[in-house]
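Engineer: Take the given structure of chain A and dock chain B to it, following the hints.
Listed in order, the protein sequences are those of chains A and B.
Residue numbers for the first sequence follow the UniProt record's numbering, beginning at 1 and rising by one.
Residue numbers for the second sequence follow the UniProt record's numbering, beginning at 1 and rising by one.
Any given hint could turn out to be false.
To be verified - Covered stretches of chain A (in silico footprint by chain B; criterion: 3 or more residues with CB under 8 Å from a CB of chain B, positions within the stretch not fixed): (1) 37-46; (2) 226-239; (3) 319-328; (4) 336-347.
Claimed, not checked - What follows is a list of derived Cβ distance ranges for each label pair: (5) B:I655 <-> A:T388: 32 to 40 Å; (6) A:Y296 <-> B:A665: 43 to 51 Å; (7) A:L152 <-> B:K631: 29 to 37 Å; (8) B:T498 <-> A:V87: 21 to 29 Å; (9) A:V30 <-> B:E474: 54 to 62 Å; (10) A:P112 <-> B:K657: 46 to 54 Å; (11) A:L152 <-> B:I655: 53 to 61 Å; (12) B:P513 <-> A:G216: 54 to 62 Å.
Think of the hints as simulated: they come from the structure by calculation, not from any bench.
Cβ coordinates follow ideal geometry from the N, Cα and C atoms, glycine included.
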Amino acid sequence: MVLHCYFHSLGHSRSKELKGNPITFYADIVNAMLIRATGQNLQMEYTRSLKLLDHVKLSEKPGKIIPSGDIAALVYLWNPFTIVACVGLSTSPIENLAIILSLYGACKRQAPLAAFGWVIATHLSLYPAILIIPMILLLGYGTDTPPRKLFLQRRNVEVGDNPPNDRCCEREEVVHRSEVPHVFSWRPVIHFFCWTSLWSVYVLVLCGISVKQYGGLWELFKRTYGFMLTVQDLSPNIGVLWYFFAEVFDFFRNFFLIVFHGNILFMMLPLAIRLKHRPCFLAFVYIAISSMLKSYPSVGDSALYLGLLGLFVNELADMQFSFFLFCGYVGVSLLSPVMHNLWIWRGTGNANFYFATAMAYACLQIILVVESVSAMLNHDRKLRKPLTELQDGKN
Amino acid sequence: MAHLPRPTLSLFLVLSLQIIFSAIAFGSDFQESDEEEFSEELLLRPLPDRKVLAHFHFESRAPPSLSDSHGRHHHLFPKAIAQLVQKFRVKEMELSFTQGRWNYDRWGGFDPISSSNAKPPGVELWAAFDVPQYLVDASWKNLTHTLSGLFCASINFLESSTTYSAPEWSFHPSSGSLRYGTLPREAVCTENLTPWLKLLPCRDKAGLSVLMDRPSIYRGFYHSQQLRLTSPEFEGRLESGIVLKQTLTVVLQPDSQGASNTYSSETKLQPSWSLSSIFGRKVTSRCVLAKSSNIYLQLEGGLVTELENVRKENVISWIDNVGSEGWRTNPFFDLSVNPDSVLREVNSLHGSSSSVLYEYSVAKYSDSRPFDLGLKWKSPVVWSCPQAPLHASRFLMGSGNERGAIAISLISTGLNEHFLGANIVEGSCKLEVDIFQVVPWYVKVYYHTLRVFVNGQPQAVTDVVEKMRVSPSEDKVSPGVMELVLKFPCDVKSAALTLEFDKGFLHIDEYPPDANQGFDIPSAIISFPNFHARTHYFEDSSLKRSPMLSKFQEKSRVRSYSEVLLVPLTTPDFSMPYNVITITCTAFALYFGSLLNVLRRRVGEEERFLKNRAAKKAGRLAQLLSMLSAKIRGKKWEHPQSPSASSSFISLKLIVKVVLVTGIAIAWQYYSQ
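If we strip away everything but chain A, and leave its shape as in the complex, we get (with noise of 0.2 Å):
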């Protein structure tokens, strides 16, 4: 209700200055109300578990389990980021609506839209391609859950607790109570992967039909993708990439490409291993670091990044450093503005000025995507330790 208040003004507010190109607008709004479904999606699942491990002190009280699908559409929403991103005419909120759309479909157990969802994105940005991982785990197992091993070690102490004469009645009957997911269905990945081809052969055949008269879909690629992958174009902008590669010596150009792009690929595996029950926030991640490490960023993605991290906010409530973030935050999208201004409008800066604060942007997300992975591993261990003490005051 609150949300569709914000929605009212904020529509107001926004239309006026967008002057009639309400595109971008209206997928902006799609994408909060998708990452309100979403939160309340991941929000249910969590007290859920909580119930099921049985964690009385933290479900117990309604008041401390924050609607995080509705704090995430407002962040999302209210987030100077987007309405700049939304305002510049940017292309990034139809981006985004692309990643939140398969996100959105993964939850829900949507083979058909997580696939259609994906094809886009990657079609559109190419570095949302990453994501299947995500998308595997969010189909394979369902949304973010505990640890597996928690439930397990939960149902041990049920078990241990109860007399061996009827273990095997009451095991049934706690599988049946927790319906815990630990088992990986394929039936809905391989869904997924069929639409998926079936989405890229229907994406592909219309951009070959489309481009045909102007070199094929190689061509395509190449000034797509291979525009993206080699940082051809070097503007100013928030990331750091354009100015070192600006600065950095022609034969090595290629080298550091690789070292950049490759920096993206080595965090997944680590990342998926260890965060491969909580399929959501792993997208969050895995969205956080393409956004920092992509070639041209720009402040749609930070957007959609600092919108997701509102989906976590009771699994990341205790995280460090968070008000020296947003502190940090609100410094560099004040700073970096003037710096620009300074270096290519009056001429009195040099471009040192900007990348500075290009420098401090990319270290502040640098530190919340550390800060964040930290306080989710955290928030399981939290979770664990009374189980661990359950067991270990039995033995």
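Structural biologist: Frame of chain A, contents of chain B only:
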């Protein structure tokens, strides 16, 4: 129309017998055309703004070489050029080195010299090839390298595809085999003139090229050295071979020691000059290898009109004032040397008056009697040069280093009323203007932002633009090219075109050494296809045809070049590469390391390990302390496990590790040797 008087002709015949002989020989050659020819000419013209234009014209012809294309011996024609034409199958080529900017307002914009010899600053090269379409680029690249070697200039920079373009119709009619490139910042100096002079048979040792005293030439306001090559033999016309035209156009300022009476600009006396005062040298002899060796003094139409106005008070026209004294002296100026003949322009388009040419043959002068033409002004005279219908200028708009706009402004010179009559017959009177503009890729022009203003009012682009061809630039591959045909109403007073652009950002290696100076956008070419600059001089003897005058007779478009624009681009910090690389890599290494650390950390194990170590190290006291601290923290204190077992285990592990590492090291050492 004035017929050359008979006594003049007889005088001319008597005085220059040698020339007649050579002319007859020339005439006989014209039928056979199997011998190489060379001719040298110099045109001098007083300019309205107290300067003097000197235009050297050297022309060499080689007969068609199809009969014996290999191992041909060249007598006069430079072998390097002949080989170049043969090797790259150059149909037509023009190379110019220019310093300074031709002042179209004051020095004229409608005569053959200003339309074909006024060039943009720096180097301009265009060439048309007689090769298949896919070989044109390769030929162009080879040609640029060859010319670069020939003329000691960095023409080889035109090899890169970002610097040259292929105009289709606005520049020069050709079927896609033409390439055009400019280097606006190329400095032109004597090192470029010397190889150019080497192509002349007499170099600068004899003939008119003796006048090219380097300090006095480069002191001038404008200096353009040009080489034009035509070889019609590739087009199937076998009667003529390669024609090489070398021209040097300089605008010099004579020392004005004589003009000291008044200082008001209107009535100021023009400075008197002579060959020796403006060049510092005199013509001692002709180049003996030259067929003809002439010096012309041209009086422009405007000046002639002024003279005639004065003469109208006297009944007899000054040109009919028979006798040598009539040419030498008139109320405005005195000539020190009597001309051999006087040529008058016929069927002048300018309506007002036609220009007059005094001809001097150098042949009759020698070391003992050097030729030193002097012009002494007696009374001040003001005249103006014929102008192109529109005066073009180009400038930048906007501030800051992110975006801007290019504006081309065309202002009517007020002279097109003269030409209205010719065009109005066709029906609606339209003034056609062609614009050809090449913009380097780092100035990213948005061609859809083209806006046209006529007489200050914005106009729909489709109303004015008749035809348009745009090839957008591609980063680091090709420049942006725009060709436009505009049609304005004839009574247009002013017109302007604007195009918006974004400024690109370059890699530090792509900036020139003085990056903060800015980047040059080559001149735009504005031509008027309905107006032709041709001056036809009445000549009674068809035998003797001067190559320069016949070139003036050729039908060529009136063309003018706009200014070179200087676009400042944003520069990165050139001293920073190491800092940027290290800082960025450090940040990403921190990200990688800390994230990996977070992922592999297991808090519970760490705590246990720390406790173990503490217990192992310290004695009783430390154990108590740790117990105390655990109490304070409200945790359950665990008794450390027996350290002996774990220590032996650890040492065993350590030994295994050390052995493993040594083994690997030894193996590495062994295999690497």
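Engineer: Does each hint hold? Answer for all of them.
Structural biologist: Tested hints:
| no. | hint | result |
| --- | --- | --- |
| 1 | 37-46 | violated (count 0) |
| 2 | 226-239 | holds (count 5) |
| 3 | 319-328 | violated (count 0) |
| 4 | 336-347 | holds (count 5) |
| 5 | B:I655 <-> A:T388: 32 to 40 Å | 34 Å, holds |
| 6 | A:Y296 <-> B:A665: 43 to 51 Å | 45 Å, holds |
| 7 | A:L152 <-> B:K631: 29 to 37 Å | 33 Å, holds |
| 8 | B:T498 <-> A:V87: 21 to 29 Å | 27 Å, holds |
| 9 | A:V30 <-> B:E474: 54 to 62 Å | 36 Å, violated |
| 10 | A:P112 <-> B:K657: 46 to 54 Å | 53 Å, holds |
| 11 | A:L152 <-> B:I655: 53 to 61 Å | 38 Å, violated |
| 12 | B:P513 <-> A:G216: 54 to 62 Å | 42 Å, violated |
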